[in-house]
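Single-letter residue listing:
There are 2 protein chains.
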Amino acid sequence: MKISPLFHPVEYKGNYLSVLDESALPFKKRYIRVRNLSDALDVLKNMKTRAFGQLLLFYYFCLSDARLNQINTSKKFNRRINVLTKKFSQARPTFAFYQFQNHINTFLKEVKEADFLNDLERKILTYIDSLQRLRLNRVKILSRILAPNPKILTLCNVSGELVALAQELKRQGQIPEFFVSETRPYLQGSRLTAWELKEAGFRVNLFCDNQVAMVFLKNNISAVIVGSDRSTKEGDIINKIGTYTLAVLAKHFNVPFYCLTQPAADTRSRKDVEIEFRPKEELLRYGRKFIAPPTQKALYPAFDITPAEYITKLICFDGAFSPEEFRKRWQK
Amino acid sequence: MKISPLFHPVEYKGNYLSVLDESALPFKKRYIRVRNLSDALDVLKNMKTRAFGQLLLFYYFCLSDARLNQINTSKKFNRRINVLTKKFSQARPTFAFYQFQNHINTFLKEVKEADFLNDLERKILTYIDSLQRLRLNRVKILSRILAPNPKILTLCNVSGELVALAQELKRQGQIPEFFVSETRPYLQGSRLTAWELKEAGFRVNLFCDNQVAMVFLKNNISAVIVGSDRSTKEGDIINKIGTYTLAVLAKHFNVPFYCLTQPAADTRSRKDVEIEFRPKEELLRYGRKFIAPPTQKALYPAFDITPAEYITKLICFDGAFSPEEFRKRWQK
Chain A
128 MKISPLFHPV
138 EYKGNYLSVL
148 DESALPFKKR
158 YIRVRNLSDA
168 LDVLKNMKTR
178 AFGQLLLFYY
188 FCLSDARLNQ
198 INTSKKFNRR
208 INVLTKKFSQ
218 ARPTFAFYQF
228 QNHINTFLKE
238 VKEADFLNDL
248 ERKILTYIDS
258 LQRLRLNRVK
268 ILSRILAPNP
278 KILTLCNVSG
288 ELVALAQELK
298 RQGQIPEFFV
308 SETRPYLQGS
318 RLTAWELKEA
328 GFRVNLFCDN
338 QVAMVFLKNN
348 ISAVIVGSDR
358 STKEGDIINK
368 IGTYTLAVLA
378 KHFNVPFYCL
388 TQPAADTRSR
398 KDVEIEFRPK
408 EELLRYGRKF
418 IAPPTQKALY
428 PAFDITPAEY
438 ITKLICFDGA
448 FSPEEFRKRW
458 QK
Chain B
128 MKISPLFHPV
138 EYKGNYLSVL
148 DESALPFKKR
158 YIRVRNLSDA
168 LDVLKNMKTR
178 AFGQLLLFYY
188 FCLSDARLNQ
198 INTSKKFNRR
208 INVLTKKFSQ
218 ARPTFAFYQF
228 QNHINTFLKE
238 VKEADFLNDL
248 ERKILTYIDS
258 LQRLRLNRVK
268 ILSRILAPNP
278 KILTLCNVSG
288 ELVALAQELK
298 RQGQIPEFFV
308 SETRPYLQGS
318 RLTAWELKEA
328 GFRVNLFCDN
338 QVAMVFLKNN
348 ISAVIVGSDR
358 STKEGDIINK
368 IGTYTLAVLA
378 KHFNVPFYCL
388 TQPAADTRSR
398 KDVEIEFRPK
408 EELLRYGRKF
418 IAPPTQKALY
428 PAFDITPAEY
438 ITKLICFDGA
448 FSPEEFRKRW
458 QK
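Protein sequences appear in the order of chains A and B.
Positions in the first sequence are counted from 1; adding 127 to them yields this note's numbering.
Positions in the second sequence are counted from 1; adding 127 to them yields this note's numbering.
Warning: the hint list may mix true and false statements.
Among chain B residues calculated to face chain A with C-beta under 8 Å, some are [what the hints assert, rightly or not]: (1) Pro312; (2) Ser317; (3) Gln338; (4) Ile368; (5) Gln423; (6) Pro428.
Calculated directly from the structure, the hints in this document are not laboratory data.
Glycine included, every Cβ here is placed at the ideal spot set by N, Cα and C.
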């Protein structure tokens with residue numbers, strides 16, 4: 128099974144990381160070397176990697192940074208990871224890096240001080256491996272609740288999981304078809320999702336974000352599938368701007384709305400979520416070229432919040448849950 | 128009162144026309160000379176002018192073409208205008224050029240053959256003048272049904288009428304604010320509407336088309352206002368792709384949806400409307416630069432149809448009508 132390069136977009140190389148430059152896709156497939164904190168923050172701020180890549184970047188960078196700076200006791204590591212979490216969170220405030228910090232802290236309790244770094248590295252790499260298997264399993268869970276030969280509408284990019292889903296459906300003898308919203312301003316829909324699905328040999332129709340109502344009306348869409356950067360204990364999801372618009376329209380057209388998501392961790396309510404507003408220039412320009420006057424006032428919230436009421440099922444590592452079922456899991 | 132250059136984007140100069148090149152705005156304000164049919168069709172096909180500009184182009188071109196080719200009897204003119212209507216309709220199938228042809232034919236009955244061209248010219252120029260006054264009156268009608276100091280959400284471009292509306296509101300002591308959807312792929316929202324409103328001194332916020340649900344949620348929008356390229360006797364409107372998406376969301380967020388429109392003429396139902404699909408390259412490229420792989424399959428319907436049920440009022444030259452009232456007018 129061919130895996131999308133977006134499924135594992137950051138590679139750990141010991142002293143440095145190799146990060147797939149998503150901003151250069153689909154025209155160039157190039158990797159960026161991340162050797163120090165400034166490199167890592169640049170990659171984040173300039174959205175060279177996003178979604179699952181941010182998780183990989185955080186875990187792997189904590190390791191490579193420790194190797195480089197000879198941080199080889201849990202006490203020193205603890206202090207350093209505090210700093211890194213703050214810096215990463217400042218670079219992309221919507222993404223919950225502190226959740227990953229908490230998670231690494233649970234590892235720290237079991238790490239042998241005598242061989243601190245090697246032991247931590249083994250634990251983290253094993254964990255990432257298991258996470259990737261869980262992600263592949265998650266698309267299997269999703270494949271079982273989709274209509275046969277589904278027509279799937281999506282936006283932005285779910286880090287290679289839609290390719291994995293398409294391949295799972297193909298294995299089951301089904302022919303999926305994808306309708307991909309281009310996802311302005313960064314065009315992750317056209318540059319990443321449409322590209323990876325087409326490369327993997329699946330049927331893809333690209334459309335401009337504003338066409339979505341007509342795409343629903345004319346194409347007998349079976350389901351909307353999106354990812355999420357974060358979810359709350361109430362079953363709301365925080366994902367790329369545009370998701371909320373899709374969700375409202377999916378409800379209007381009576382199309383199921385599925386979200387591939389992770390545990391809610393400690394975000395109780397959508398009121399606790401800070402939405403990142405990015406520089407208006409990212410909307411006013413394409414590449415270096417201005418497509419609207421530089422003085423134009425413009426809004427660019429990078430994410431939006433889709434309330435639970437619009438979501439049919441949250442697809443987790445261990446099952447597909449209605450928002451109500453999802454809420455109950457965190458009430459315990 | 129300063130009028131937007133988009134309010135009268137085509138000028139009649141006798142033997143030729145001068146057409147505002149909307150594709151060069153907002154960075155360059157240049158005019159294209161239209162001397163013959165091939166020039167006129169290029170301007171249409173390449174969307175150098177659209178909306179009201181198409182109407183002006185048709186009427187004025189019929190005149191300048193007659194001058195150039197010494198078409199100076201109603202019989203010759205009749206034959207020629209048949210050809211022109213076909214050619215114009217082939218260039219942009221959604222726009223109802225045959226309506227204009229029918230209209231010119233009513234003039235022909237009253238034109239004195241002895242001074243055919245001068246008389247026809249006077250009649251048409253007087254008619255266009257009256258049309259522009261009616262358009263200014265239409266925004267007055269609209270201004271009376273808007274909430275005070277309205278926050279107006281719009282997309283694409285209504286050929287200078289939103290500037291006229293804003294100036295009418297200002298005259299009434301009100302402060303309007305505009306939220307403009309950029310309108311991919313041609314960005315008429317950012318390049319034309321945001322530009323003309325800002326030039327005229329009004330408050331404008333530009334946003335990407337996919338942000339629209341969040342813009343409704345966060346900004347207490349008073350009304351959506353759009354134009355239309357065509358309307359049916361049932362009160363449906365045909366307008367720039369994206370209008371239908373806006374209308375569904377406006378209904379969901381309980382925001383009135385107003386459409387500046389013209390008489391329905393002889394389009395009975397939305398089933399009689401052919402939607403123009405434009406080349407996918409227009410979506411895959413920005414300017415000459417590809418923003419997605421050239422081989423990507425993509426959909427680009429240039430218009431969509433918004434059913435009457437989503438429309439609060441159709442704003443006509445002689446009043447604001449609910450779709451039901453609008454329907455009744457054509458049932459007589």
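Checklist entry - Close enough to count: is the Cβ of B/Pro428 nearer than 8 Å to one in chain A? => result holds, 6 Å
Checklist entry - If you take the shortest Cβ to Cβ gap from B/Gln338 to chain A, is it below 8 Å? => result Hint holds; B/Gln338 Cβ to chain A Cβ min 5 Å, cut 8 Å.
Next on the checklist: Does the closest beta carbon of chain A sit nearer than 8 Å to the beta carbon of B/Ser317?
Outcome noted: holds, 4 Å
Checklist entry - Can B/Pro312 be said to touch chain A, with a Cβ gap under 8 Å? => result holds, 6 Å
Checklist entry - Is the hint on B/Gln423 kept, meaning its closest Cβ partner in chain A is under 8 Å away? => result Since the shortest Cβ distance to chain A is 5 Å, the answer is holds.
Checklist entry - Should the hint that B/Ile368 touches chain A count as held when the rule is a Cβ pair under 8 Å? => result The hint holds - B/Ile368 has a Cβ within 8 Å of chain A, the shortest such distance being about 5 Å.
When the structure is compared with the earlier hints, no violation turns up for any of them.
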